[in-house]
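Since chain A is already given, all that's left is putting chain B on it; use the hints.
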Amino acid sequence: MNRIFFPIIQHPMFWVLLFFFFLPLLLPLVGGYTYLGTEVLIWSIFSLGFNILLGYTGLPSFGHGAFFGIGAFVMGIIQLRIFQGIWIPILAGTLGGTLFGALVGLFLAKKRGIYFALLTIAFSQMFWFISWGWDSMTGGEDGLSGIARLPLGIPGVFSIDLKDSLNFYYFVYVLFVLATILIWIVVHSPFGRVLQAIRYNETRTKCIGYNTAIYKWTSFTLSCVFAGLAGALYALLRNAAFSDSMHWTQSGNVVMMVLLGGGMTNFFGPILGACVFIVLRDLFSSVWEHWMLIYGLLFMLVIIFLPEGILGFFKREKRQRDFFASK
Amino acid sequence: MISLAEVASQLLNGLVLGFLYALIALGFMLIIGVMGVINFSHGVLFAWGAYFAFTLRPLMGFWPALLISPLIVGMMGLILEIAVRRSYGKDPLFGLLLTSGSAMALEEIIRMIWGSIGHTFAAPSFASGPLDLGFMPYSKYRLFLAGLSVILILLVWLFLEKTPYGAIIKAGAFDSEMVMALGIDLRKLRTIVFGMGAALAGVAGVIAAPLWSIKPTMGGEAIMPAFVVVVIGGVGSFWGSILGGLIVGIGTSISVMFMPRTSMIIMYVLMAVIILIRPRGIMGEKSILE
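The listed protein sequences correspond, in order, to chains A and B.
Position one of the first sequence corresponds to residue 0 (numbering that gives the first Met the number 0), numbered consecutively onward.
Position one of the second sequence corresponds to residue 0 (numbering that gives the first Met the number 0), numbered consecutively onward.
In isolation and in its complexed conformation, chain A is listed as follows:
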């Protein structure tokens, strides 16, 4: 019993997941609300998945907002037109993000650095334009409204009302737990090691005999799986899907979350980044009409003074202390 129990409570993931389990109880104490907690969970799924590509493979994508948005739109379109339900539309949204990601990934698999970044931006803009111009499908400028959080369960046996924000929080929480464990397994698998090798030195990895293009493509597609899932959940949260989700600012937001939390140095960085980011945004946007100004300046300050993110900063401090201690 103890042999299983202790490793679990020693694991940081246990504490992270525990924290989010009790978050809805803590939120009202600090003036927050459940909606905010759900938003943090959804963006955590997105940014953790994105970190497979950015932090572990070292590929700078600046266009993942597109796959997030595709997840949201596919989910909405399926639910409104084809299948009234919750699981199938979420699955469809996830698959939508994945498929388009896999397709775009084909163009990117052999690129790196600036060229990679340029192409991801260009492709995400294309999707944004399509979602914006195709009014009959996506609602164009007004967005796709009427997406419903239909009850979850087996008809006649039991049913959980997801319209209740607390129930929806725990629904998202379960998916968040699954996603986090899955991503943890992926990045700590031999496959994940190869991705890290590509980050450190792609040419050398290639010389050892790995087909890096396939690994990069898989990494890109995997990150789009979680982008699609997060997008579908976000559409449910807002009861609507908007083209805004696909705009480059959203792509920038997820990159910012990963960097801000310290995703380049710590697995849990993106979660911390999502928390800080969303809380700050909520704070600013309620204070000042022109909050985008502070927001933009904050982006610049973080990059200039905190390029390794919050967890990276503490790691740096700790290392220095260790260094002096060993003397």
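The set of hints was computed from the structure by calculation and includes no laboratory data.
Just so it is clear, CB atoms sit at the ideal spot from N, CA and C, and this is done for glycine as well.
Among these hints, one or two may not hold up.
Computed, partial: chain A to chain B, Cβ under 8 Å [claimed, not checked]:
hint : residue
1    : Gln124
2    : Thr248
3    : Leu292
What follows is a list of derived Cβ distance ranges for each label pair [said to hold, decoys possible]:
hint : chain 1 : residue 1 : chain 2 : residue 2 : range
4    : A       : Asn200    : B       : Ala170    : 20 to 30 Å
5    : A       : Phe304    : B       : Pro163    : 35 to 45 Å
6    : B       : Trp156    : A       : Thr202    : 29 to 39 Å
7    : B       : Met179    : A       : Glu140    : 46 to 56 Å
8    : B       : Lys187    : A       : Arg203    : 28 to 38 Å
9    : A       : Glu140    : B       : Pro163    : 47 to 57 Å
10   : A       : Thr202    : B       : Leu66     : 43 to 53 Å
11   : B       : Ser115    : A       : Leu305    : 26 to 36 Å
12   : A       : Phe312    : B       : Lys161    : 43 to 53 Å
13   : A       : Trp133    : B       : Leu181    : 51 to 61 Å
14   : A       : Leu300    : B       : Lys187    : 21 to 31 Å
15   : A       : Asp281    : B       : Lys187    : 38 to 48 Å
16   : B       : Ser2      : A       : Leu300    : 54 to 64 Å
17   : A       : Glu140    : B       : Ile81     : 36 to 46 Å
Just chain B now, with coordinates in the frame of chain A:
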């Protein structure tokens, strides 16, 4: 059926749009080529150029506004460069986030000063109305725009090819360490290139203002083609950017003729096809930027 005059006028539109895109992309490409920074603020600097001209024109007339607005935008670029400097030589993501942060902030300042609603900017009186080309009338202002773009592009080319500064800039983009080892202060030069890129965005903003109405989000409309143009033409290639601009401009206007709804998508299709055939763009070479 589409008449010949209509085809000719759309092709001309495409050419004009192409030169404008090339001008926008040129400043953007210079900054990528020399510093390895994708300048997300390029679009918003373009918008600032237009807004400055909008404010200055009633005070001093069109020509002085056309001259002074880009200079102010260039100076904004010099200030911005102090922040962006930190990201040179690092992962492109840092430059992207820095400049996207400044893009958000600068766009919000536009909203604070001039408001969120759009404004119209009339063509100057000497270039208003149509010009009879013999077989059809065509907008004088568009011809003026194309002519001015060509002149500016040639000036940049002359600067890069025929002056010692241009030689150092190109050498610095190729091997910055070697150039610095030769005792040349690259930092100053990089600042100048950034300012020049910003000024080019500013001037493009002024001359595009009568064509597109002035609004806070006009920067987005300018920078989106710039990405595609640079990818199509090849990163770091001067003539690639010009060629890319023309391809995108003409492609867009031809699609307006046949399928107006797809006109904003067509450049991405062109981009996808071109990078399938030539992965580094039409005139791109294998470089450290990859």
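Just to be sure I understand the hint, the distance between the Cβ atoms of Thr202/A and Leu66/B should be within 43 to 53 Å; is that true here? At 49 Å between Cβs, range holds.
When you take the CB atoms of Trp133/A and Leu181/B, is the distance between them in 51 to 61 Å? Given a distance of about 55 Å, which is inside 51 to 61 Å, the answer is holds.
Would you settle whether the hint for Gln124/A is holds or violated, based on the nearest Cβ-Cβ distance to chain B being less than 8 Å? holds (5 Å)
Is the gap between the beta carbons of Leu300/A and Lys187/B within 21 to 31 Å? holds (25 Å)
Pairwise beta carbon distance, Glu140/A to Ile81/B, judged against the given window 36 to 46 Å: holds (38 Å)
Do Asp281/A and Lys187/B keep their Cβ atoms within the hinted range of 38 to 48 Å? holds (43 Å)
Could you say whether the range 43 to 53 Å given as a hint is met by the Cβ separation of Phe312/A and Lys161/B? Distance hint for Phe312/A, Lys161/B holds at roughly 48 Å.
Please check whether Trp156/B and Thr202/A have a Cβ separation lying inside 29 to 39 Å. holds (35 Å)
With respect to the beta-carbon atoms only, verify the hint that Lys187/B and Arg203/A lie 28 to 38 Å apart. Taking Cβ atoms as reference, Lys187/B and Arg203/A lie about 36 Å apart, which means the hint holds.
Would you say the C-beta atoms of Ser115/B and Leu305/A sit inside 26 to 36 Å of each other? Roughly 32 Å apart at Cβ, these two residues keep to the hinted range, so it holds.
C-beta pair Glu140/A, Pro163/B: status relative to the range 47 to 57 Å that was hinted: 51 Å Cβ-Cβ, so the 47 to 57 Å window holds.
Pairwise beta carbon distance, Phe304/A to Pro163/B, judged against the given window 35 to 45 Å: holds (37 Å)
Consistency with the previously given hints is maintained throughout, with no hint failing.
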